Amino acid sequence: MSGHAVKEFKVTWGMVIDLDKCTGCGACMTACQVENNIAPMADASNKMRTLSWMLVFELSNKKAAPDAEIAYLPRPCMQCGNPACVPVCPVVATDKNEEGGIVSQIYPRCIGCRYCMAACPYHARYFNWEDPIFPKGMEKALSPNTSARPRGVVEKCNFCHTRFMKAKDKARQEGGNPEALADGAYMPACAEVCPTGAITFGDLKNPEHKVHELAKGENAFRLLEKLGLHPQVYYVSKREWVRKLGDNYAATGHAGAEKKHS
Amino acid sequence: MGLDRRGFVKFVVGGVAGTLFTPVIWKGLDDAAIWSQNWGWIPRVPKGEVKATPALSKLCPSGCAVKVKTVGGLPFAAIGNADNPMSKGGVCPICAGGAQLLYSPARVKSPMKKVGEGKFEAIKWEDAEAMLVEKLTSFKGQDGKIAAISGDETGTANEVVSALLSGLGNASGFCVMPGEMYTATKGVKLMGGNGQPGFDIAGADLVLMIGADALDSWGPSVANQKAFAASHPTGAAATAQFIYAGPVLNNTSSVCDKFLAVPPTATAAFSLALANALINAGAVCSASDFGDYKALAAKYTPEAFEKATGLKAEALKDLVARIKAAKAPLVIAGASFGQGAGALDFVAGASLNVLLGRVGQSGGMTLLPAAPKALAAATDRAEAKDAGSFLAQVATGKASPAVLLVYEANPAFALPQADAMAKALGNIAFKVSFSTYMDETATLADLILPAPHPYERFDDAMNPYGVAKPTYLAGKPAMAKPVMDVKDPVDVLLAAGSKLGLSLGFETYADVIKAKAQAVGADFDTLASGGAWTGEGKGGGLSLGAAALAKAPVAKADDKAVALAPVTKLACGTADLATPPANLLTIRDTELKGKDLFVQMNAATAKKLGVTDGNKVKLTGGSGEVRARVHVNEGVAADTVAMLLGFGHSAWDQYTKGKGDNVYKILTVSDEAGTGLKVWAGSTVTVAKI
Amino acid sequence: MEEKKQCKGCGGALPFVIGFVAALIAGWVLFPDLIYSKKIQPVRFSHKIHAEQGLDCASCHTFRDDGSFAGIPTNEKCAECHADVVGSDPAEKVYVEQYAKTGKEVPWLIYQYQPDNVIFSHKAHESLECTSCHPDMAKNDTPPVYYQNRLSGYSKQTMKMWKCERCHAENGVSNACHVCHK
Amino acid sequence: MDRALFPDGVERCSFGKFALWMAFITAFFLFGLYAMIVIFAKGIVVTGLDNYFGFGLWITFDLAVIALGAGAFFTGFLKYILKIDQLKNIINLTVIVGFICYSGAMLVLTMDIGQPIRAWFGYWHPNVHSMLTEVIFCITCYCLVLVIEYVPLILEQKQLNSIPFLHYLAHNMHVNMALFAGIGAFLSTFHQGSLGGMYGVLQGRPYAFRDGFFIWPWTFFLFVLSAVGCGPIFTVLVCTFMEKLTGRKLVDYKTKALMGKIAGTMLTVYIFFKLLDTWAWAYDYLPSTGMTFDQMFYGVIYGKWLMFTEIILCGVVPAIMLITPSIRNNPTMLYTAGILDCIGICLNRYLFTVQTIAIPLLPFDIWQTYAPNWAEWATSGMIVAYGFLVMSLSYRYLPVFPQERAMNK
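Order-wise, the sequence lines are chains A, B, C and D. Mapped onto this note's numbering, the consecutive letters of the first sequence carry residue numbers 1 to 262. Mapped onto this note's numbering, the consecutive letters of the second sequence carry residue numbers 1 to 690. Mapped onto this note's numbering, the consecutive letters of the third sequence carry residue numbers 1 to 182. Mapped onto this note's numbering, the consecutive letters of the fourth sequence carry residue numbers 1 to 409.
Mixed in with the good hints, there may be bad ones.
Not the full set, but computed from the structure, chain B residues with beta-carbon under 7 Å of chain A [as the list claims (entries may be wrong)]:
(1) S231
(2) H232
(3) K593
Calculated cross-link-like contacts (lysine to any residue; reagent style SDA-like; alpha-carbon spacing at most 20 Å) [as the list claims (entries may be wrong)]:
(4) K170(A) x G103(C)
(5) K163(C) x E105(C)
(6) K595(B) x T50(A)
(7) K409(D) x R396(D)
(8) K47(B) x A167(A)
(9) K27(B) x K88(D)
(10) K88(D) x G212(D)
(11) K238(A) x K258(B)
(12) K47(B) x A480(B)
(13) K657(B) x K258(B)
(14) K481(B) x G137(A)
(15) K593(B) x G614(B)
(16) K373(B) x G521(B)
(17) K47(A) x K657(B)
(18) K160(C) x W120(D)
(19) K261(D) x M177(D)
(20) K51(B) x S68(C)
(21) K7(A) x K261(D)
(22) K163(C) x N140(C)
(23) K324(B) x A480(B)
(24) K77(C) x I119(C)
(25) K385(B) x A370(B)
(26) K481(B) x G103(C)
(27) K593(B) x R396(D)
(28) K42(D) x G137(A)
(29) K595(B) x D43(A)
(30) K409(D) x K261(D)
(31) K469(B) x D511(B)
(32) K47(A) x F364(D)
(33) K27(B) x F11(B)
(34) K63(A) x P105(B)
(35) K210(A) x K657(B)
(36) K83(D) x G212(D)
(37) K42(D) x R172(A)
(38) K160(C) x K258(B)
(39) K38(C) x R322(B)
(40) K238(A) x R322(B)
Honestly, the hints are just simulated from the structure, not real lab data. Source: prediction; values computed, not measured. Where is the CB? At the ideal position from N, CA and C, for every residue including glycine.
Please work from the sequences and hints to get the whole structure.
Quick look at the structure:
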């Protein structure tokens, strides 16, 4: 649809999130915050200023009681195949160039112009409004996997990329192939912690990985597919109203998730 | 040559021009940019070897079997323990942020004694322990003078605390914080059985949860979630149905096949109406009181069901059809916020398992035999007093203890009519708080003895409420030394005991746990390295509890009042724990915004109460009141208002103090007919716009 | 008139030239010296002596089981040999008495310091000789002076990004941002 | 007391009055400066920007002043390249206005980025695919061109001009001004277009995104046209404002009307294509994203009235007014049309900046609203005050208006 081409990779990390299994407990958000060293915020209820690389949205079928239903939708970065954020960055602080297809974000390069935030329709990118100041002592519990970012730069979910690097090192150490990791050898913190296993993670291109088939399931859909950004995060729900909330249908009135694979 | 103005200007211009041909500016710009990547006030991340150490993370009520990830020996994250049946690799949201809690600003850093209203002074452990021994010595042997409140449901620490009290001549002074284990065990007794009930969710093909928030805050939530996950493979057909009947469309019901909005005042009526419909659809059982039960249930007609619940009778019909079609249905009865429901609500729900012949079956309800004790002198868990009744007696002067030991509990915050409870605590001359955090109770205590964080201590968990089989977990410290100047409360009590001349047979909690493991028949080392011991659950000839149910009260209609449904969300914290720093993000801005907590209600209820979205309101119940803002939420049952528990702290840290209001304040306690239990699950409140 | 103006211009250029030259001297000679602070290692560690005992790099700088690189060894490793003084070098005595016995880790200065935002896998570079990137320490008896940039905090001797990029480019390895940053 | 510094043969107000005026403006400037220091010290957390509105008043302000400053390059282009000699009467003013607008915009940009220390990364680590890179380079280069155009004007100040070297320098720069005007026109066309492209390429933002032909060359030229459709008339408005303020005649009405005609013609072309663009967007592009025209608007704050005001009231109406000679030749009508025109273009920039990112695209998301806070207003005000200061000094001491002497005899 858009003029940009989708860059292909031999390994394409992706997620399939089963919305019928997500209870919205928040463990993924907590694990994400821990893994990525996000400082606790004095007023975390101000969602306009919080940093939540992984954010659990609440979806409603908008029906009155007793027919009301809700669903929870965890939203990491979609790691779009055709990202809106990458080409706009004036200083190459973000790219999608590495085998695996993860959209990077490099804090020491970022100048904080926020053009990428304006570009991302998923609100997956966050600006560091303040320096990451932890309560005294809590910096000892920082994760070694993500550098602490100064204020004034943009950051986002990167599928816990350091875990990818560590998984490759482990494969090398054990004599395996770092370019073809086994299913489960590399897991982002959210997928690892999820108590209901709602998040399945793996290589979308590798038939030995569960996500390969799951992403093709009849109930699979992606968010805002019509915009042509080709997210690498898929959602699954047996509930039609949930699937319908994955994209805009007001113009056509079509129900369900119509596929626009290209 | 003198330097005139013009010459000076030229010199400067020359200098500037020359500088352009040196690295000063360019290197300066580059180094400044690099400096901006590594500002001194931005923390550095730790380096070192990353390891994962098994631990028992008793931060959530049932405790998670986790692996603590450490870097250079210091914990930074927790992941599930795939080898442990209680975790199967999952972690609850609280335990996922456990490492950060080690450094919570609310942690008590050293022993402290009170030196004035709200003022404390750090003291040495030897002085603190001497103070404790001195107080206990002066009241030793005087029955009624020493009491203890424990907020730990599963630890063998309870045996030590209660055995110590017995030794001091105060066997009846042992109280526990409210929880379902207590009322459910009473309920089993009313049904002619014995033991703690268990629920085999993993084996059931239909799980009807009446109140019990089993996939978030009720029971062994991670094990429950894993059982749910196993029956709901992504991309394939589900092998079990989950149905939730409760006051709020909560986390559990968001993934259920069916949600039935039942006001908290109509729980028993719902269960009995379902029993009636099942009997009418042909359900029979061999229980001796089936006849009485049938007659009793017959009163709960579909019309009565509609009136009590506000639901349509078709919903009941649909439910019966689902249950009839299921091979292994299971009913879990519990309060939607894990406490305050009477034994009768439990009996009404559990009787459905008896009616359906599901007791002792795979995927059914089980009864767990009492676990062997490590200390013979310890009180049976079921025999303990409930802390709420005890403090109510203290308030009225019926009980007048001089020394109160508070172990892992926060009665000043987490008991119904919390303000009155906090006041009652004031009637006790000497209060000792064994607490990891500076909670509301600690701020009222005369002596604070900091307890270790779960990663810093030995601890165990016997039969967390809800497990289908007898289950025992134990853990040892996951780090070399504690972050703060703490001592294990059990070690402190054991030492105090020996100074008082009471040898309980152990010197440390670790020894107690090892003895417990031996008594249970488990291997401590296996447990401490992340394993679990499980025994067999049993059935038992349970009756339908008809005699007890006959006394079930009929909900009274009160036009002005609406039912209050307190909601627990594990991520927001527990009775013992204010929202941990790593969980703050999970609170929605429709639950808490700034300092305002929201009260949730459906549009019809809002209309009835004359309030609209965003209105500030005052809710009054008993002698307490809380303030909140209205959020219209169609997921709340008719004539019910829902509010999150765990907010409105007056202690803790900058993240939680003064945020929202404490719903415990407006829970009203009443006596349950025929059981002598205190109940508050059916509290009603009045709502007024302010 | 024309000539006079020119002449005046000549004489007037002198201050400019002086300023220009002064700036050049300051910028090329003084500045590089001023911007770095000089530090010496807390213990005079001799790689040479260790190499002469038959140790190679991997004897002390090991990989862990998960493929991560242990880097500079900790007391645990050093104490395998130096729990007590075994030689006659005074530096060893300093190490044993001040660190090995007290359990305090040596705050070694790391010439190849990389900031937190860099992730480097020694495992991925295992096929290269250590000396492709590190100086050949085997012959080094006294650790070199450590130059630390006063503004950025970087070691002067460390590898900057362009070197990594050049080698990656020459060897056809990806230069995508995430390959080296975290 | 500073009479000796005045341009030849003109009258200026007393120094005391001037000092008072400057003090008044400086107060605004200093308040903005304070806000700027706060922003540099604490970061842009002190502004009203948030997770949903990464762009706000500052970017709107930047885009608007760059459009309004377009009078400089376009008038220069007409004067030096197309040799419309009459424009010499106002060309100096367009240069000063342009300089103020561009230098001000660059200053705002350094505040707007989260890491000002790294501002130079834009030049050193450019991403050639980013429209913003193009904008950064062109604005910087064009700002330098404006400096080059402004310098001879400064050198024409009476005292400076008496120094032979400076006199010759100014003279030589003047001679070659056509070259700079050409470079300026080239650079400006690029970045005015790129500014539109900045939004036009946002694939994830249907309000701004344009596909294929509609992004290049369409959107690029729409933005160029919209800028030249308002820049010249903005200069006229500035000139007229100065005349009212000083009570002196500065530029003859014939020149002003000519500028009005130029702007009007460009605006008419622009608005014609803008209408086509909007129509194609609403009927072709939007439905392809599953969204409707109605979904692009919300309540009053983001209501449809904004778009109608932009295109009809402040687009079509002033276009007609400016191209109709009888209306254009009526001073009141000319100025009214000019004001409407400038409002329309500013509104356009606002909508592309704020409305674009306000629209919730995820169907389960909700509209959020944005209001700039004091820090953003104060710093934007600082730039305006800076403009007033530069303009006041230039007017008082530099021979900006060649006709002034004759017209005020």
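Hint check:
no.: 1; hint: S231; result: 10 Å, violated
no.: 2; hint: H232; result: 6 Å, holds
no.: 3; hint: K593; result: 5 Å, holds
no.: 4; hint: K170(A) x G103(C); result: 30 Å, violated
no.: 5; hint: K163(C) x E105(C); result: 31 Å, violated
no.: 6; hint: K595(B) x T50(A); result: 16 Å, holds
no.: 7; hint: K409(D) x R396(D); result: 18 Å, holds
no.: 8; hint: K47(B) x A167(A); result: 18 Å, holds
no.: 9; hint: K27(B) x K88(D); result: 45 Å, violated
no.: 10; hint: K88(D) x G212(D); result: 40 Å, violated
no.: 11; hint: K238(A) x K258(B); result: 14 Å, holds
no.: 12; hint: K47(B) x A480(B); result: 17 Å, holds
no.: 13; hint: K657(B) x K258(B); result: 37 Å, violated
no.: 14; hint: K481(B) x G137(A); result: 15 Å, holds
no.: 15; hint: K593(B) x G614(B); result: 11 Å, holds
no.: 16; hint: K373(B) x G521(B); result: 12 Å, holds
no.: 17; hint: K47(A) x K657(B); result: 19 Å, holds
no.: 18; hint: K160(C) x W120(D); result: 19 Å, holds
no.: 19; hint: K261(D) x M177(D); result: 24 Å, violated
no.: 20; hint: K51(B) x S68(C); result: 12 Å, holds
no.: 21; hint: K7(A) x K261(D); result: 49 Å, violated
no.: 22; hint: K163(C) x N140(C); result: 24 Å, violated
no.: 23; hint: K324(B) x A480(B); result: 55 Å, violated
no.: 24; hint: K77(C) x I119(C); result: 24 Å, violated
no.: 25; hint: K385(B) x A370(B); result: 18 Å, holds
no.: 26; hint: K481(B) x G103(C); result: 14 Å, holds
no.: 27; hint: K593(B) x R396(D); result: 55 Å, violated
no.: 28; hint: K42(D) x G137(A); result: 23 Å, violated
no.: 29; hint: K595(B) x D43(A); result: 9 Å, holds
no.: 30; hint: K409(D) x K261(D); result: 28 Å, violated
no.: 31; hint: K469(B) x D511(B); result: 25 Å, violated
no.: 32; hint: K47(A) x F364(D); result: 15 Å, holds
no.: 33; hint: K27(B) x F11(B); result: 23 Å, violated
no.: 34; hint: K63(A) x P105(B); result: 43 Å, violated
no.: 35; hint: K210(A) x K657(B); result: 45 Å, violated
no.: 36; hint: K83(D) x G212(D); result: 36 Å, violated
no.: 37; hint: K42(D) x R172(A); result: 45 Å, violated
no.: 38; hint: K160(C) x K258(B); result: 60 Å, violated
no.: 39; hint: K38(C) x R322(B); result: 79 Å, violated
no.: 40; hint: K238(A) x R322(B); result: 19 Å, holds
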